[in-house]
Every structure is written in structure tokens, then in C-alpha cells.
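A.B. asks: Using the sequences and the accompanying hints, generate a full structural model.
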Amino acid sequence: MSDLAVPRVLRRTHGLWIAQGAAILLLAVLAGVVIGETPLPLSTVAAVFANRVWDAGLIVDPIDVGIIWSYRLPRTLLAAACGAGLALSGVVLQALVRNALADPYLLGVSAGAGAGAVAVTILGVGGGLLGISGGAFVGATLAFGVVAALARAAGGGSAQLVLAGIAGSQLFNALTSFLIAKSANAEQARGIMFWLLGNLSGVRWPDVVLAAPVTPVGFLICLWFARAMDAFSFGVSSAASLGIAVRRVQIMLIGAVTLMTATMVSLVGSIGFVGLVIPHAMRFVVGPRHARLVPASALAGAVFLIVADIASRMLIPGQVVPIGVVTALVGAPGFALILVRNRRRP
Amino acid sequence: MRLEAKSLGWAAGSRRIVEDVSLEVAPGETLGLIGPNGSGKSTLLRLLAGLLTRRTGTVLLEGAPLTTLSRRDIAQKIAVVEQIAETSEALLVRDVVELGRTPWLSALAPFGAQDRAIVAQALEAVGMAQMAGHSWATLSGGERQRVQIARALAQRPRILILDEPTNHLDIHHQLSLLRLVANLPVTVVMALHDLNQAMGCDRLAVMDGGRMVACGPPDEVLSTARLASIFRVQATRLRDPADNATVFRFLCHEV
Chain A
1 MSDLAVPRVL
11 RRTHGLWIAQ
21 GAAILLLAVL
31 AGVVIGETPL
41 PLSTVAAVFA
51 NRVWDAGLIV
61 DPIDVGIIWS
71 YRLPRTLLAA
81 ACGAGLALSG
91 VVLQALVRNA
101 LADPYLLGVS
111 AGAGAGAVAV
121 TILGVGGGLL
131 GISGGAFVGA
141 TLAFGVVAAL
151 ARAAGGGSAQ
161 LVLAGIAGSQ
171 LFNALTSFLI
181 AKSANAEQAR
191 GIMFWLLGNL
201 SGVRWPDVVL
211 AAPVTPVGFL
221 ICLWFARAMD
231 AFSFGVSSAA
241 SLGIAVRRVQ
251 IMLIGAVTLM
261 TATMVSLVGS
271 IGFVGLVIPH
281 AMRFVVGPRH
291 ARLVPASALA
301 GAVFLIVADI
311 ASRMLIPGQV
321 VPIGVVTALV
331 GAPGFALILV
341 RNRRRP
Chain B
1001 MRLEAKSLGW
1011 AAGSRRIVED
1021 VSLEVAPGET
1031 LGLIGPNGSG
1041 KSTLLRLLAG
1051 LLTRRTGTVL
1061 LEGAPLTTLS
1071 RRDIAQKIAV
1081 VEQIAETSEA
1091 LLVRDVVELG
1101 RTPWLSALAP
1111 FGAQDRAIVA
1121 QALEAVGMAQ
1131 MAGHSWATLS
1141 GGERQRVQIA
1151 RALAQRPRIL
1161 ILDEPTNHLD
1171 IHHQLSLLRL
1181 VANLPVTVVM
1191 ALHDLNQAMG
1201 CDRLAVMDGG
1211 RMVACGPPDE
1221 VLSTARLASI
1231 FRVQATRLRD
1241 PADNATVFRF
1251 LCHEV
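One line per chain: the protein sequences are A and B, in this order. Numbering-wise (this note's numbering), the first sequence opens with residue 1 and increments by one. Numbering-wise (this note's numbering), the second sequence opens with residue 1001 and increments by one.
One or more hints might be untrue.
[What the hints assert, rightly or not] Which chain B residues face chain A? A few, computed with CB under 10 Å, are given here:
no., residue
1, L1052
2, S1070
3, P1110
No lab work stands behind these hints: they were computed from the structure. Everything numeric in this text was worked out from a predicted model, so none of it was measured. Backbone N, C-alpha and C fix where the C-beta goes; we use that ideal spot for every residue, glycine too.
C.D. replies: Right, here's the structure in full:
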């Protein structure tokens, strides 16, 4: 390929990093497909892929095909998209809100998604037009709208956004509990609680098709604004004096975050701690500059959630632990570590 | 580059912080902004840099209203060093100075060798080159101030707006900074508290209660009568026999 065909941004060491990242991601996906209650040899996996992609016509047990192609692969891919999306959302919010504790759930997006999903399932809002995912998406967007309007009315600072997010989350969580208490039967309540804790069990290809474009688009938006996020290090005013069109950047980035979080929460429920812990962990590894932090967090988020999903399937034999429980079990100690490491120097 | 303000005003709620300030800064000039605490100096500087919304009046950059320019255009021409710069990110000194290149870069025009050279030069200019690899969090107040000034220099601005740049600096670095600024081929507007240092500016503008009450050469502006009425000090003009320069000695009125 001639030099002209390669954009300047991709030259030098970038190619190596991209190759390494892709290799790690591929390995993680492979692990997600191979590891499970029914251990499947790599040769079977390879045969299934060969049949599906090249129509190779190899003979494979149809049950193995089902497990690999219809069950493990879609949920692993969705776990990757979801982990990357949530981690990116955390990176963006921590940069814009300038608060180490910011994460996608801060803006009330997850609470809104939960309320939306419950409204659809129990009350039949939308008359069957909205599925549980559609309801969650509408709820998430609505909740973010409420939080943003409240923050704006309170003066529009980052502290106001945090406080408005807390108020919004509480409101929508209360709404969810109220709807469950008022209308749900025991079975519905159990199903919803399971969904709220995060769950990749029901994932099928249509879900992957829905989620697949969202994360890469969000990733490119974050990468495009990496330098702008750096400029927010010393606050909004400093960013403006460095030539950042603050309002436009905020709208683009927060729009990307809402889209990613709402999509992910609507598909798999609320999976906590990924958006909070992964960006912080990556700061220790690659430093605070967003040109590295954005791709590193996306990759780490994807790999982390794939591994968490494997753990959620393997932890209790014959039973799936909600993935949100797994991420919280790992994430809460990680969060504690951040708190300790971030303590003010004497 | 010429900077003009026409009846600038800004209010925080019902409280008017800056009111009806008009001034013109000539290309290459160093304009000092002086005045007691709370007289509106910092706000005026932020207004001149276009960093405050809901203002009244206009700021013209080379004849063009700031509102018609993009933030990027403005940042390529005006660099600002505010009094307070804090971050919770674990940035290195070099990272902070590199931020100054932001208005010149884009996703398709990444940081290159020329930018690296400009950053190194800016660090050199404030005497922080050997600290480039240090963490921002470990710096003293004066070192942070110098790094922020290096960041502003790395912006390669035509106009430099500085809010009390000598704050936190020891006497050596105060004087070397003022000399550095005086030797730059750029227009400078800076707020200063030390009136003896203000004497080194081409012109001084005096703020009091949000209004500009005087503007002119330092010798005219810093009359003993004005120092008494606005700064509430009794001033004595002395001559330094070494170079015949005017030096002030101040006594507090109430005592």
C-alpha cells in the first residue's frame, strides 16, 4: 500500500497497537466461545466457523453448532460490545464531569432504562410495539433528558450534573420499585429483578445486530474528541480558552454516551462498575491522555465483560449468575482501591 | 494584534462585576490591569478572552467581533493564564504544556515534530525544561504557574492574557517572567498586584468597583492622589540612584 493511502494518524506505531488490540480481543472472543459448561474443543469451533463462513460442509454435531453459533458467540460478541461501550461511557463522563466517581449510571440512564422496561412488561405501555429493549431505550433517553434539564436549571456545572444524576436515578429507581410492588406478580418480579441485575442469557443474533454498530460509532466519536477531552483536564473554562467548542463537544460526547448506555442497558440490563473501574484501571496502565485511554478502555472493557460472562456461566454449575453480580464482585474492591489511591496527599 | 473592548459589562445575578469598560490595546503593547481586590480585573480579563457568556458590549479582535470567530480561531490568537489551574488527572508537566498545542491540532493533524519543538522551547523559556517528566501534582504553586505560562506560550498566541502571573513566584522568577513577557513580540494584557512591577508596563488601566477609572502611561496613572483614593495607601515616590527609576514606598492610611 502506498504511503498516501494510509492516513497520517495510522502510521508509525499505531498499526502495531491496533494489531495487538485486535489479537487480544479475538482471543477473548475465542475463549468466550470455547469455555463453558460443555467444554468444546477448538477443532469443533473451527469447524463450525468454517461451515458458517465458507460453507465448508464439515460434519459437526448439531447441538455443538447450536451452542457455539446460536448461544455462545452472540452473547460473547454482545458482552464485548457492551463492555467497550460502558467503559467508553465512563471515560467520557469522567473527563467531562471532572469527577473520578462518574460513570454511565451517574446520569440516571440505567435507572430510566429499568423503569422503561418495567413499564413495558407490567403495564403494557406501547401496546406491544415496544419490546422490553425498546421500552428501556425510551426510558433511558427520557431519564437523561430529565437529568440534563435539572442540571441546566441548577446552573449547569459538573457538580450540578452529578447531583441531578443522583436525584434522577433515585426517582426512576423508585418508579421501578413502585411499578413492581403495585402490579407485578411474583414471577414477573423475579424476571425483572434478574434482568435489572444484568443478564446475557437471552442474547440472540438480532440483539447483536442491534448493538454491533453502536459501540464502534461511539468509539470513533470518543477517539475523534480525544484531544478535546484532554483539554477538559483543567476545567471547562480552560478547555474553551484552548479552542474547544465546549457546548458542541459536550453534546456530541454525552449524546454518544447516552446512545451506548441506553442500548446496552436495554439489551442486557444494568451492569455496574465496568464504566467506573475500567477507565481508572487503564489510567494506571496507559496514563491520562485520551488518545491512549480511549482505545485501551474500550479494549479492556470488552475483554473484562467477556471474562465476567464466562465467570457468570461457570461460577455455579447448572445456573447462571447475573453478570452484574460478577462485575460488582470484582468492581467493588476495584472501586475501593481507586478511593484509596485517589486520597488526597497530606 | 489589536484588541478592543466596547462598553463591556458583566453581572453575576444582580451584582454588576464589570460595567461599561472600553479600552483599546495596540499591537505589541503591554497593558497592565491594576485595582483593589474585587474591582473586576479577573472578570474583565475573561471577558476580553471571550470566556464569559451573557456579557454586554463587544470585544473586537483585529476589528472582528469575538462572537463571529470560532473558539479555535480565538485560541490560535489569544492565550489565557488564569489564577487557578487545578486538575485531578495524573498529568506530567510535558502533558500540560502540550495542551497548549490543542488549537493547532485536529484528529487528522496530530501532534508532530514541530509541536514537540514548540513545547520544548516553551518549557525552556520558563526554566522548566528539566522538569518536563515530573508529575504536575508534585509541583509547587510557583512551578505550576510557570508551567501554565509555558502552556500559554506553546499556544503561540498573538495576544497573551495573564491574571496575576507573578503570584506564587519567588522574586527571581517574578522578574524573569516579567522580562520574558516584555520581550515577547506579542500583545500582553495582565492583571498585576505589585504596583512597582506595574510601572514596567507600557500603559496601565485602573479598575475600581467594576469600572475603569483611569488608563494611560504608568507615571500619569499612578499619582499619589489616585493611590490614596483607590488603593487607600499613602505613597512616596523615590528615585533609585542606580538607574534613576521611580520606586514607590507605601504606608497604610488607617494606621
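A.B. asks: Hints first: check each against the structure and report whether it holds.
C.D. replies: Comparing the hints with the structure gives:
1. L1052: Holds, because the Cβ-Cβ distance from L1052/B to chain A comes to roughly 9 Å (cut-off 10 Å).
2. S1070: holds (7 Å)
3. P1110: holds (6 Å)
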